[in-house]
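> Sequence:
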Amino acid sequence: MVCLLGGKGANLAEMTSLGMPVPQGFTVTTEACNDYYAKKKVVSKEIVDQIHDALAATEKMAGKKFGDPNDPFLVSVRSGARASMPGMMDTILNLGLNDVSVKGLATLTGNPRFAYDSYRRFIQMFADVVMDIEKANFEHLLEEMKKAKKVELDTELDANDLIKLVGQFLVKYEELKGEPFPQDPKVQLIEAVTAVFRSWDNPRANTYRRMNHIPYEWGTAVSVQGMVFGNMGEDSGTGVAFTRNPSDGTKELYGEYLFNAQGEDVVAGIRTPKPISELELDNPRLYNEFNEIARKLEAHYRDMQDMEFTIERGKLYMLQTRNGKRTAQAALKIAIDLVEEGVLTEQEAVLKVEPAQLDSLLHPQFNPTALKEAKVIATGLNASPGAATGRVAFTADRAREMKAENGLPVVLVRQETSPEDIEGMIVSSGILTSRGGMTSHAAVVARGMGRCCVAGVGA
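My numbering applies: residue 44 is where the sequence shown begins, and numbers increase by one.
In short, the hints are calculated from the structure, not lab data. Misleading hints may appear alongside valid ones.
Stated by the list, open to error - Taking lysine to aspartate or glutamate and the DMTMM-like style, the derived pairs with C-alpha atoms no more than 20 Å apart in a straight line are:
no.	residue 1	residue 2
1	K220	D291
2	K146	D114
3	K107	D142
4	K294	E321
5	K294	E234
6	K229	D111
7	K84	D171
8	K317	E332
9	K294	E335
10	K103	D114
11	K220	E182
12	K294	D142
13	K178	E222
14	K107	D227
15	K395	D291
16	K193	D204
17	K83	E234
Unchecked claim - So the derived label-pair ranges between C-beta atoms look like this:
no.	residue 1	residue 2	range
18	E195	E448	52 to 58 Å
19	D440	K415	51 to 57 Å
20	L401	Y259	25 to 31 Å
C-beta: ideal position from N, C-alpha, C; glycine also.
Use the sequences and the hints to build the structure in full.
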């Protein structure tokens, strides 16, 4: 099933069969991706027709129509390769919105702020992923709006601010693309699926595949799911969590969440999230429900799980589970604990630890005496263990240049990392970000590479 549906699609199907709360959807298979490349990067009419048929079946389950101007059925489009490649390929949320349906969504929910926040996110993601327009063009407009309103966070902008921002985004899109933003949801969907297929061959995905020995021929599947919204207000939210600590292997629910946010806000490190333990204080019912699902998933897969979830108006939905990336130290502890718990045999446990990971157990560490004597100038979250020193590089390209110049160690310093930074992360001895948390892109990739990473750093 994984070969055909990819890791994400196969695990969504598995969670559904286990009776877990998963939004309705369908998966475009890896065979369709390979067909796309065989036909010189064209999605065939046969596959387009099959996507439309699957969409119609999903509409029937959801009781909504894709493109309905008054009550639109919106979807997410996510890549899902056979092997986990966190952040290396592309995701689009809120697909199906246009200039008409955003008004219908605002009226239907009585929440225009939510509707226009969803639309501005969709425009930016579609422009970036499908049309290859730099995110910075839209981030700049968002930052200008926050500056004009004298606020720090996106969540502090009101509905009128976001209506204006959507207008600015649409103008910027047409200015850079030379044509208006597409208004037909079915056109948006096929363009998005095509873009995910295309992302299998993007530079960062190729770099990650080479580094992790993932065959090019595998291709990627595409999961299309009905949207659930974490940005509908303070009773909604999104998060990422692990069934055990991926840094040291401790048996504890480990992760982060944000209220009134969408998933990209957590993994992209746009806002620094709250630890999952605080959800037990904020909403004990939701915490207990999620904890029970996490326990069942780990028992089912017999391994530590990395999960994504969304809360929409107080209801929990599971968006993903996969075997979690972990440090070498954590891999050893988890393997031993699972044997002691009777989950794995000793032979199975040995196979859970990659030989290359054992090398990273020899991570450098600061001398304890020197640490006590050192002056602390900033603190952050220990997203990936170890210690690093080096010259500071503020971009991935500069990190590569500096390393190539004389081979001296480099520390990559960013507000938050993005998948485009992968080659700079590979050559760096350590990674430091001023935003984001323990489950951000920087943290997950650094742990997988055995790099020291400190996230959410502040003085």
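> Could you run down the list of hints and mark each one as holding or not?
Hint-by-hint comparison with the structure:
Distance hint between K220 and D291 is unfulfilled; the C-alpha atoms sit about 47 Å from each other, more than 20 Å. Distance check on the hinted pair: K146 and D114 sit about 10 Å apart at the alpha-carbon level, within 20 Å; holds. Of the pairs offered as hints, the one joining K107 and D142 holds, with about 18 Å between alpha carbons and a cut-off of 20 Å not exceeded. With a CA separation close to 17 Å, the supplied pair K294 and E321 stays within the 20 Å bound.
As the CA atoms of K294 and E234 are separated by approximately 42 Å, the hinted pair breaks the 20 Å bound. Proximity of K229 to D111 is assessed by CA-CA distance (about 12 Å); at most 20 Å being required, the pair is judged to hold. A C-alpha spacing of about 19 Å is found between K84 and D171, which places the hinted pair at or below 20 Å, so the restraint holds. At roughly 18 Å between alpha-carbon atoms, K317 and E332 fall within 20 Å of each other, so this suggested pair holds.
Taking the CA atoms of K294 and E335, the gap is about 14 Å. The hint holds against a cut of 20 Å. Under the criterion of a C-alpha separation no larger than 20 Å, the hint pairing K103 with D114 is consistent with the structure, at around 14 Å. For the suggested pair K220 and E182, the alpha carbons sit about 17 Å apart, so the restraint of at most 20 Å is met. As the CA atoms of K294 and D142 are separated by approximately 48 Å, the hinted pair breaks the 20 Å bound.
Of the supplied pair hints, the one linking K178 and E222 holds, its CA atoms being roughly 18 Å apart against a limit of 20 Å. Among the hinted pairs, K107 with D227 is consistent with the structure: their alpha-carbon atoms are about 17 Å apart, no more than 20 Å. Between the alpha carbons of K395 and D291 the distance comes to roughly 15 Å, so the proposed pair stays at or under 20 Å and holds. In summary, the hint linking K193 to D204 is supported, as the alpha carbons are separated by about 12 Å, within the 20 Å threshold.
This hinted pair checks out: K83 and E234 have alpha carbons roughly 16 Å apart, not beyond 20 Å. Separation of E195 from E448 is about 37 Å and departs from the stated range, judged on CB atoms against 52 to 58 Å. Checked against the given bound of 51 to 57 Å, the beta carbons of D440 and K415, roughly 37 Å apart, lie outside it. For the pair L401 and Y259, the supplied restraint of 25 to 31 Å holds, since their beta-carbon distance comes to about 28 Å.
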